[in-house]
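Protein chains: 2
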Amino acid sequence: MAHKKGNQTFILDKPVIIRHSACIVGQKESEGPLGKYFDQKADDDFGMDTWEKGEAKFVESTYKKLLSGCDVEENLIDCILAGDLLNQCTSSACGLKESGRPFFGLYGACSTMAESLVNGALLVDGGGINNAVCMTSSNFCSAEKQFRFPLELGCQRAPNSQWTVTGCGAVLLSSGGNGPRITSVTPGIIRDYEISDTNNMGAAMAPAAASTILSHLADTERDINYYDLVMTGDLGITGRELCREILKKHGVDAPKDIYDDCGAIIFDPEQGTCAGGSGCGCCASVLCAYLLKLLEQKHINKLLFVATGALMSAVSTKQGEPIPGIAHAVAIENV
Amino acid sequence: MAHKKGNQTFILDKPVIIRHSACIVGQKESEGPLGKYFDQKADDDFGMDTWEKGEAKFVESTYKKLLSGCDVEENLIDCILAGDLLNQCTSSACGLKESGRPFFGLYGACSTMAESLVNGALLVDGGGINNAVCMTSSNFCSAEKQFRFPLELGCQRAPNSQWTVTGCGAVLLSSGGNGPRITSVTPGIIRDYEISDTNNMGAAMAPAAASTILSHLADTERDINYYDLVMTGDLGITGRELCREILKKHGVDAPKDIYDDCGAIIFDPEQGTCAGGSGCGCCASVLCAYLLKLLEQKHINKLLFVATGALMSAVSTKQGEPIPGIAHAVAIENV
Numbered sequence: 001m002a003h004k005k006g007n008q009t010f011i012l013d014k015p016v017i018i019r020h021s022a023c024i025v026g027q028k029e030s031e032g033p034l035g036k037y038f039d040q041k042a043d044d045d046f047g048m049d050t051w052e053k054g055e056a057k058f059v060e061s062t063y064k065k066l067l068s069g070c071d072v073e074e075n076l077i078d079c080i081l082a083g084d085l086l087n088q089c090t091s092s093a094c095g096l097k098e099s100g101r102p103f104f105g106l107y108g109a110c111s112t113m114a115e116s117l118v119n120g121a122l123l124v125d126g127g128g129i130n131n132a133v134c135m136t137s138s139n140f141c142s143a144e145k146q147f148r149f150p151l152e153l154g155c156q157r158a159p160n161s162q163w164t165v166t167g168c169g170a171v172l173l174s175s176g177g178n179g180p181r182i183t184s185v186t187p188g189i190i191r192d193y194e195i196s197d198t199n200n201m202g203a204a205m206a207p208a209a210a211s212t213i214l215s216h217l218a219d220t221e222r223d224i225n226y227y228d229l230v231m232t233g234d235l236g237i238t239g240r241e242l243c244r245e246i247l248k249k250h251g252v253d254a255p256k257d258i259y260d261d262c263g264a265i266i267f268d269p270e271q272g273t274c275a276g277g278s279g280c281g282c283c284a285s286v287l288c289a290y291l292l293k294l295l296e297q298k299h300i301n302k303l304l305f306v307a308t309g310a311l312m313s314a315v316s317t318k319q320g321e322p323i324p325g326i327a328h329a330v331a332i333e334n335v
Numbered sequence: 001m002a003h004k005k006g007n008q009t010f011i012l013d014k015p016v017i018i019r020h021s022a023c024i025v026g027q028k029e030s031e032g033p034l035g036k037y038f039d040q041k042a043d044d045d046f047g048m049d050t051w052e053k054g055e056a057k058f059v060e061s062t063y064k065k066l067l068s069g070c071d072v073e074e075n076l077i078d079c080i081l082a083g084d085l086l087n088q089c090t091s092s093a094c095g096l097k098e099s100g101r102p103f104f105g106l107y108g109a110c111s112t113m114a115e116s117l118v119n120g121a122l123l124v125d126g127g128g129i130n131n132a133v134c135m136t137s138s139n140f141c142s143a144e145k146q147f148r149f150p151l152e153l154g155c156q157r158a159p160n161s162q163w164t165v166t167g168c169g170a171v172l173l174s175s176g177g178n179g180p181r182i183t184s185v186t187p188g189i190i191r192d193y194e195i196s197d198t199n200n201m202g203a204a205m206a207p208a209a210a211s212t213i214l215s216h217l218a219d220t221e222r223d224i225n226y227y228d229l230v231m232t233g234d235l236g237i238t239g240r241e242l243c244r245e246i247l248k249k250h251g252v253d254a255p256k257d258i259y260d261d262c263g264a265i266i267f268d269p270e271q272g273t274c275a276g277g278s279g280c281g282c283c284a285s286v287l288c289a290y291l292l293k294l295l296e297q298k299h300i301n302k303l304l305f306v307a308t309g310a311l312m313s314a315v316s317t318k319q320g321e322p323i324p325g326i327a328h329a330v331a332i333e334n335v
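So the sequences go chain by chain: A and B.
Taking the numbering used here, I'd label the letters of the first sequence as residues 1 to 335.
Taking the numbering used here, I'd label the letters of the second sequence as residues 1 to 335.
Honestly, the hints are just simulated from the structure, not real lab data.
Hints may contain errors.
[Unchecked claim] Derived lysine-lysine pairs resembling DSS-like cross-links, with alpha carbons at most 27 Å apart:
#1 B:145 <-> A:318
#2 B:4 <-> A:14
#3 B:256 <-> B:298
#4 A:14 <-> B:14
#5 A:64 <-> A:293
#6 B:4 <-> A:4
#7 A:4 <-> B:64
#8 B:293 <-> B:41
#9 B:5 <-> B:36
#10 A:41 <-> A:298
#11 A:14 <-> A:4
#12 B:293 <-> B:14
#13 A:4 <-> B:36
#14 B:64 <-> A:14
#15 B:302 <-> B:4
#16 A:145 <-> B:145
#17 B:28 <-> A:64
#18 A:318 <-> B:318
#19 A:293 <-> A:65
#20 A:145 <-> B:318
#21 B:28 <-> B:65
#22 B:14 <-> A:5
#23 A:248 <-> A:302
#24 B:64 <-> A:5
#25 B:293 <-> A:64
So here's chain A without its partners, still in its complex pose (with noise of 0.2 Å):
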């Protein structure tokens, strides 16, 4: 069973094992840098009629693509923790409602991935569940459409704002198996810095990501560079550079070569997609897609994820709310 250590790390003592992922993307981000990891694309929301539909379409056939490549048993699958975006998280209810199994609904906005991935490994590494499917997406049209502008408005983008990124990630989580395994998770604090600019998640979220990279390297007595690659998301160019910042007021210099966000290498900023990629697709199939075939490849050996998401609405910034952040990191490594 999982011990605490420091304030808010868990270290999980079994072995819980990624022992399977999926992913579907759309068409932009397959023609993105990361395109040739991606091993499916849909194009134009699976044809359906609604950009919600086409999003709980990415949902159901990830979910289903996960399941195909998979050594378990569907009624083997002892829960699925998933969430989303749209309001009342809909595309994970409607895109999972044949799944027959035990459902968790989780809302973290962008942070959702590391998340389910936090709270599925301490399932897993409690005993009783021994299989969790955690997953997450989001779609560039019901996005824009909930948080921002009508697409058909054609706004001009301000410089600092992401491109939410189409496309959903599974992991079959397993107390068994083979893979990378989850050593250790912290889950986040929510940090509120005031921010409220909503052109600007990357630095609402920059003080939450920092500070549970800074919680986890205390607890865990470790140095930054213990990890190959620390990758936050989706704080996109301009929030990456301000956690580095942060970081290094704290004393910890996270070089280029160790630190990265999702956000930031999806999309090639030629794609017009400004300070990069958001949404809970974003980390979750940049991780899904590349980081875990790093990890399988030995590309490297141990992995810190950091997920990150702004806790707002539309409604909430409209009423001068400001934009707390949180972020969940969960050290994957090839043990």
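Let chain A serve as the given structure and place chain B on it in line with the hints.
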């Protein structure tokens, strides 16, 4: 550590104790049949200038109330599991942003109280996490505005519609201390009977409630009479009778003295609440103020608490999507 029994039930082997609880409700709830059980009421959304900020204040105040009545130091709280009905669960995030403790955001619609207890109980049983706060809230005005009509329109209510409870409930789950124990949990499976009438949420959720109760009884090889009380919620008066009917079709007789529903008992029909109460805060406040007192005073010793959620949004129903339901069951016993 927990062990799985049957298809979806987990028997907790270690003590998981409901060590403390707190609850704050609104004016109307305090005037209802359970009025004397609520230990605090808040008028007029704590005087906040928006309903959403009012709901966040309910969360913040209930969390503080829980801590103030609690013999566990704040820094020993290992995590908070919370969610609500507002878009992007902002009342939980805003209400808890000063908590300084690790936060897992959940979305289970009105099933959130049970979802947080199921998840929290498995985490505490699993070790590592010794103290977990489980909580949820809802607010009549913010829910009406978001899901139905602007209050200013004064729309006539459908007879089967329910009245969102203004209230928040929180419990501290602990591996030590005194209080009733969570002995087993049955996380729910999404059930879709293709109900699409947003004025009849009871009908949308009743199949999920019945499904989870039937699974729990089958998995644990128990008769419904094992429990002194089985409480669903928030099915309301209409949904409660539908649930009773479905149970009967599956050979389970759920008489009035054993089976009831949180939404059906929180208001008096003379309060103009149509089919009864709803909202995450309904089950949360009925559990924290009333059901836990019944257990404490040994009026009942074995409770099956089955909170239900309707997994829809204003957008999904406008797009013609049906309303899937989910229900999670928590067995709470004096042992």
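key: Pair hint outcome, residue 145 of chain A versus residue 318 of chain B [Cα-Cα no greater than 27 Å]   = Given pair residue 145 of chain A, residue 318 of chain B holds - Cα atoms ~15 Å apart, limit 27 Å.
ask   = Does the structure keep residue 28 of chain B and residue 65 of chain B at a Cα separation of 27 Å or less?
value = OK: residue 28 of chain B and residue 65 of chain B at ~21 Å, within 27 Å.
request  = Could you grab the alpha-carbon distance between residue 248 of chain A and residue 302 of chain A and see if it respects the 27 Å cut-off?
outcome  = This hinted pair holds, its Cα atoms lying about 21 Å apart.
message = Next pair to validate is residue 4 of chain A with residue 64 of chain B; report whether the Cα-Cα distance is within 27 Å.
response = 24 Å, holds
query = Does residue 4 of chain A lie within 27 Å of residue 14 of chain A when you go C-alpha to C-alpha?
reply = Within the cut-off at roughly 14 Å; holds.
ask   = Under the criterion that the straight-line Cα-Cα distance not exceed 27 Å, is the pair residue 64 of chain B, residue 5 of chain A satisfied?
value = 26 Å, holds
query = Under the criterion that the straight-line Cα-Cα distance not exceed 27 Å, is the pair residue 4 of chain B, residue 14 of chain A satisfied?
reply = 17 Å, holds
task = With a cut-off of 27 Å on the C-alpha distance, tell me whether residue 64 of chain B and residue 14 of chain A pass.
result = 35 Å, violated
query = Between residue 5 of chain B and residue 36 of chain B, is the straight-line Cα distance small enough, at 27 Å or below?
reply = 39 Å, violated
ask   = Taking only the CA atoms, is the gap from residue 14 of chain A to residue 14 of chain B under or equal to 27 Å?
value = 18 Å, holds
ask   = Is residue 145 of chain A close enough to residue 145 of chain B, meaning Cα to Cα at most 27 Å?
value = 19 Å, holds
query = Hey, residue 28 of chain B versus residue 64 of chain A, does the alpha-carbon distance stay inside 27 Å?
reply = 46 Å, violated
Comparing the model with each earlier hint shows violations of hints 9, 13, 14, 17 and 25; every other hint is respected.
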